[in-house]
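Visitor: Protein chains in written order, with the numbering used here: chain A, 1 to 354; chain B, 1 to 305; chain C, 1 to 275.
In case anyone wonders, no lab produced these hints; they're calculated from the structure.
Each residue gets a CB set at the ideal place from its N, CA and C atoms; glycine is no exception.
Careful, some of the hints might be misleading.
[Stated by the list, open to error] Taking lysine-lysine pairs in the BS3-like style, the calculated list, with each CA pair at most 25 Å apart, reads:
#, chain 1, residue 1, chain 2, residue 2
1, B, K210, A, K128
2, C, K36, B, K138
3, A, K8, A, K217
4, B, K210, A, K93
5, A, K74, B, K138
[Unchecked claim] Sample of chain A residues facing chain B (criterion: CB under 7 Å; computed from the structure):
#, residue
6, N69
7, A73
8, F81
9, A85
10, F98
11, G99
12, A103
13, F346
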Amino acid sequence: MAEVLIDKLCKSYGSAEILKDIDLKVEDGSFVVLVGPSGCGKSTLLRCIAGLEPISAGGMTIGGRQVKNLPPAKREIAMVFQSYALYPHMDVKGNMAFGLRFAGTPKAEIEARVAEAARILQLEPLLKRRPRELSGGQRQRVAIGRAIVRKPQVFLFDEPLSNLDAALRINTRVEIAKLHKLLNATIVYVTHDQVEAMTLADKIVVMNKGRIEQAGKPLDLYYKPANLFVAGFIGSPAMNFLEGHVTGSGRVEAAGSGLTLRLPSSCKPGDKVTLGVRPEHMNLGAAPGPLLQAQVDLIERLGETGYAHLRLPTGQVVISEVRGEPGHVTGDSISVGFDPVRCHIFDAAGRRIE
Amino acid sequence: MSRTAYLLLLAVFLAPAVIIYSTFSIYPLLATIFNSFYDRQDDGTSLFVGLSNFTTLLSDPTWSAPFWNAFRNNCLFFLIHMCVQNPIGLVLAALLSLPRLNLRATYRTLIFMPTMLSVVVIGFSWQLILSPLWGVAKMFLSFFGLGFLFGPWLGEESTALLTISLISVWQFVGIPMILIYTALLAIPDELIDAATVDGLNQFQAFIWVKLPLILPTLGLVSVLTFVNNFNAFDLIYAMKGALAGPNFSADIMGTLFYRVFFGNQLQLGDTSMGSAIATMMFLIILTGVMIYLFVIQRRMHRYSF
Amino acid sequence: MRKPASAIAVHAILGLYTVLALFPIVLVVMNSFKAKRAIFNTPLQPPMPWNFDPIGYAKVFGDSAITSYYLNSLVVTTGTIFMTLLFGAMAAWALTEYKFRWNTLLALYLSIGIMVPIRLGSVAIIQLVSDLNMINTLSALVLVYTAQSLPLSIFILSEFIAQIPKDLREAGRCDGLTEFHIFFYIVLPLIRPAMATVAVFTMIPVWNDLWFPLLLAPTNGKQTITLGVQQFLGQYITDWNAVLAALSTAIIPVLILYVIFSRQLIRGLTSGAVK
Ligand SMILES: Nc1ncnc2c1ncn2[C@@H]1O[C@H](COP(=O)(O)OP(=O)(O)OP(=O)(O)O)[C@@H](O)[C@H]1O
Ligand SMILES: [Mg+2]
Numbered sequence: 001m002a003e004v005l006i007d008k009l010c011k012s013y014g015s016a017e018i019l020k021d022i023d024l025k026v027e028d029g030s031f032v033v034l035v036g037p038s039g040c041g042k043s044t045l046l047r048c049i050a051g052l053e054p055i056s057a058g059g060m061t062i063g064g065r066q067v068k069n070l071p072p073a074k075r076e077i078a079m080v081f082q083s084y085a086l087y088p089h090m091d092v093k094g095n096m097a098f099g100l101r102f103a104g105t106p107k108a109e110i111e112a113r114v115a116e117a118a119r120i121l122q123l124e125p126l127l128k129r130r131p132r133e134l135s136g137g138q139r140q141r142v143a144i145g146r147a148i149v150r151k152p153q154v155f156l157f158d159e160p161l162s163n164l165d166a167a168l169r170i171n172t173r174v175e176i177a178k179l180h181k182l183l184n185a186t187i188v189y190v191t192h193d194q195v196e197a198m199t200l201a202d203k204i205v206v207m208n209k210g211r212i213e214q215a216g217k218p219l220d221l222y223y224k225p226a227n228l229f230v231a232g233f234i235g236s237p238a239m240n241f242l243e244g245h246v247t248g249s250g251r252v253e254a255a256g257s258g259l260t261l262r263l264p265s266s267c268k269p270g271d272k273v274t275l276g277v278r279p280e281h282m283n284l285g286a287a288p289g290p291l292l293q294a295q296v297d298l299i300e301r302l303g304e305t306g307y308a309h310l311r312l313p314t315g316q317v318v319i320s321e322v323r324g325e326p327g328h329v330t331g332d333s334i335s336v337g338f339d340p341v342r343c344h345i346f347d348a349a350g351r352r353i354e
Numbered sequence: 001m002s003r004t005a006y007l008l009l010l011a012v013f014l015a016p017a018v019i020i021y022s023t024f025s026i027y028p029l030l031a032t033i034f035n036s037f038y039d040r041q042d043d044g045t046s047l048f049v050g051l052s053n054f055t056t057l058l059s060d061p062t063w064s065a066p067f068w069n070a071f072r073n074n075c076l077f078f079l080i081h082m083c084v085q086n087p088i089g090l091v092l093a094a095l096l097s098l099p100r101l102n103l104r105a106t107y108r109t110l111i112f113m114p115t116m117l118s119v120v121v122i123g124f125s126w127q128l129i130l131s132p133l134w135g136v137a138k139m140f141l142s143f144f145g146l147g148f149l150f151g152p153w154l155g156e157e158s159t160a161l162l163t164i165s166l167i168s169v170w171q172f173v174g175i176p177m178i179l180i181y182t183a184l185l186a187i188p189d190e191l192i193d194a195a196t197v198d199g200l201n202q203f204q205a206f207i208w209v210k211l212p213l214i215l216p217t218l219g220l221v222s223v224l225t226f227v228n229n230f231n232a233f234d235l236i237y238a239m240k241g242a243l244a245g246p247n248f249s250a251d252i253m254g255t256l257f258y259r260v261f262f263g264n265q266l267q268l269g270d271t272s273m274g275s276a277i278a279t280m281m282f283l284i285i286l287t288g289v290m291i292y293l294f295v296i297q298r299r300m301h302r303y304s305f
Numbered sequence: 001m002r003k004p005a006s007a008i009a010v011h012a013i014l015g016l017y018t019v020l021a022l023f024p025i026v027l028v029v030m031n032s033f034k035a036k037r038a039i040f041n042t043p044l045q046p047p048m049p050w051n052f053d054p055i056g057y058a059k060v061f062g063d064s065a066i067t068s069y070y071l072n073s074l075v076v077t078t079g080t081i082f083m084t085l086l087f088g089a090m091a092a093w094a095l096t097e098y099k100f101r102w103n104t105l106l107a108l109y110l111s112i113g114i115m116v117p118i119r120l121g122s123v124a125i126i127q128l129v130s131d132l133n134m135i136n137t138l139s140a141l142v143l144v145y146t147a148q149s150l151p152l153s154i155f156i157l158s159e160f161i162a163q164i165p166k167d168l169r170e171a172g173r174c175d176g177l178t179e180f181h182i183f184f185y186i187v188l189p190l191i192r193p194a195m196a197t198v199a200v201f202t203m204i205p206v207w208n209d210l211w212f213p214l215l216l217a218p219t220n221g222k223q224t225i226t227l228g229v230q231q232f233l234g235q236y237i238t239d240w241n242a243v244l245a246a247l248s249t250a251i252i253p254v255l256i257l258y259v260i261f262s263r264q265l266i267r268g269l270t271s272g273a274v275k
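Extracted from the complex, chain A is given alone in its bound form (with noise of 0.2 Å):
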């Protein structure tokens, strides 16, 4: 297995750029996922590590080999596509061996790769079928296989998972995850699910606009997202946004109330802050921080947990967690209250004020 170290990476459709200065490392045996919303660059960006696009400027490294003039064959990468990509005319083996065959591996060599993958897959009683006598989930199975025959230095993955339905989603997810401990893969890994990519990754990577807004271990972006967009990104429902400025040392007006927090020195009186609070981390009644006032607009029961969305008296509406059988109804006045250590301050260009 390899690393892959990107470096001021960009790539453009004529006069559009689609990428703009990508830096990323993806150490070796790590499962980086990219996420962001739909039209960010994400498959651009895979599709350049795997050599399927030019790149316009900067340059790769697969395993401390220069790669940007290489074809794909060469880089020593597999690919499995949304759609799986399998070619419809080709049984299951046919399938995984294609490549090999090209690659002009011998026969015997083909055939021992072919056996271990079905047999990690458990696909070896589909291995004479074609693609169309396969369900969705083999099918996935399938692809999986075909990158696992090449060996790969990584392993690439353009949202995999998006044509399975719920449950057989969560199945592969967990043999995904096991089958990067079992062959020690560098992956990456485009998703647009929250859960998949803070269950898989080791590194989540946040694009937004063709540029990386941030990289890291899931928890640092749940718990210290660099700047609004990502916080607003990562956790769901998504994070409330209380617009206020700098009254004094440690107190902010926000919400249409004065709140008293820990705000570092830096902060002066008059500035613009936006304070953000995870749903999760309001609670309806008591708090042991800040308390708003705020009537229910409406109550969403999921079982043991809920959502309560809330108007402030700015008419801003805020989602709070509730928990168990709340006593409240739509048109309730009451108090909702925060932890304002579980509060995120951020300036007025955006980005988080620790």
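Since the structure of chain A is provided, determine the placement of chains B and C with the ligands on it from the hints.
Guide: Frame of chain A, contents of chains B and C with the ligands only:
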């Protein structure tokens, strides 16, 4: 809705199409086959003669020689289309469907243009171009130093059919091109990406991934070529008239049928023998279509992506 | 097209073939505007003020009834398109929407004509048309061409009608529309793109056909333009100006139509898969 009302509704929707189609397509076809078992007498009555029109056509030398000549020429005509038109169509389609090709739409539109024009117009234009009188073709060949190759191709027995076939190829290459091009477009890009990652270059990906996937379309193109070729008439009639070239060297089934049925300077029109020839053409085309439907199509899988 | 060398090779092949495809057409149209001497001496030169001579066109439009032949072709083609679209859509709708016992059989019967050319029945068609006293009429051509075009159009239109969501028709029924209203106000507007495709498929072979005009309407001023040009060429075989002009009169309108509609046409041919 009551049963009567339902049937009435069906009748209103279906009747016009079924009546016109049956009257002007199926009935004439059946009547022609029926005619071929009769002999039309001079007094206008018809006499049932069984298969005798066919035995005459296939064994009486005055009939069988032209028939087999036309049949052989028609097979050659078809063979030339299969070996020249369809491969060229395939290559053009493959090039047109390459990713990131500039001017794609322009090429496609222009190359398809001859297919749109009338066969009569095309035939005559080529006749002028190849005519030694005008000498454009010779001038053109001389430009490449190949002037010595030029001959009155359309006028010579040995080359007339080949020349006409190539002109037909030139005109109709757009059809296989467009059909194959469509089939190629339907192949998802990700599949080619997968092949690229598997180490295939564009050419190998075409041979090993795209080509197997468009086999059904190639089958369809072949049977369409077959039907059109054994039904051809206009081009040869426009260029060479009903007598089809020097000493019938470009005679095919369509022109033979026309000549026998309508008559010409050499013979009187003959409805019964005309019907017999049309029936033979029907059988030939039917055989081709059946081979396609029951042998070729059965063996091939259509892939949905 | 990553490597410029291979890109150049691809463009070279496509470009050369394009030239080959266009050369004869351009040559004929170009020379039709030139004086006889220039046609023979400098055939590759485009028409210029000094070699310009429209005498061929004067002959074509003066000596013959070319204009009325155009009109005949127009009548035959539009008549055929209209009948094919209306009757074809009606039949396609009935075959896809309503279930009845001989549904599949009828569909099969109607599709025979896709593979078996109607020309093979010419002997009987002539007898039929003369029995109906319709020799040398345009209606005979329209009927025969409609019969010829119906199978393929029913096939194509059925595929499209099958794609109309069932809910839409059910909604119409709930609103109390009759089956005829549903067909004319819901189905027909929705399959308009498919109808355009079918119209083009119908038009080209009809406009260009030589066979049936030759058999059914060869004289009496009822010739279509294709036949008219063919007969004109036969008469004036040695008058190169007239011949080239006659060919160009047949080519130019089709070219203009083609250039205008080529996108729709190719889209139809490639069933919307144009990239
Ligand atoms: N061939 C292309 N030509 C021009 N622009 C392109 C091309 N391919 C992609 N783009 C643009 O690049 C941007 C990034 O696309 P990309 O597919 O990488 O997004 P993504 O992050 O994977 O989105 P999604 O989550 O929807 O898959 C998009 O705005 C897209 O419009
Ligand atoms: Mg994507």
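Visitor: The structure should be examined with respect to each hint, and the outcome stated for every one.
Guide: We went through each hint and held it up to the structure:
no. : hint            : in the structure
1   : B:K210 x A:K128 : holds, 21 Å
2   : C:K36 x B:K138  : holds, 19 Å
3   : A:K8 x A:K217   : holds, 22 Å
4   : B:K210 x A:K93  : holds, 19 Å
5   : A:K74 x B:K138  : violated, 52 Å
6   : N69             : violated, 15 Å
7   : A73             : holds, 3 Å
8   : F81             : holds, 5 Å
9   : A85             : holds, 4 Å
10  : F98             : holds, 6 Å
11  : G99             : holds, 3 Å
12  : A103            : holds, 6 Å
13  : F346            : violated, 40 Å
Going through the hint list in order, the structure does not satisfy hints 5, 6 and 13.
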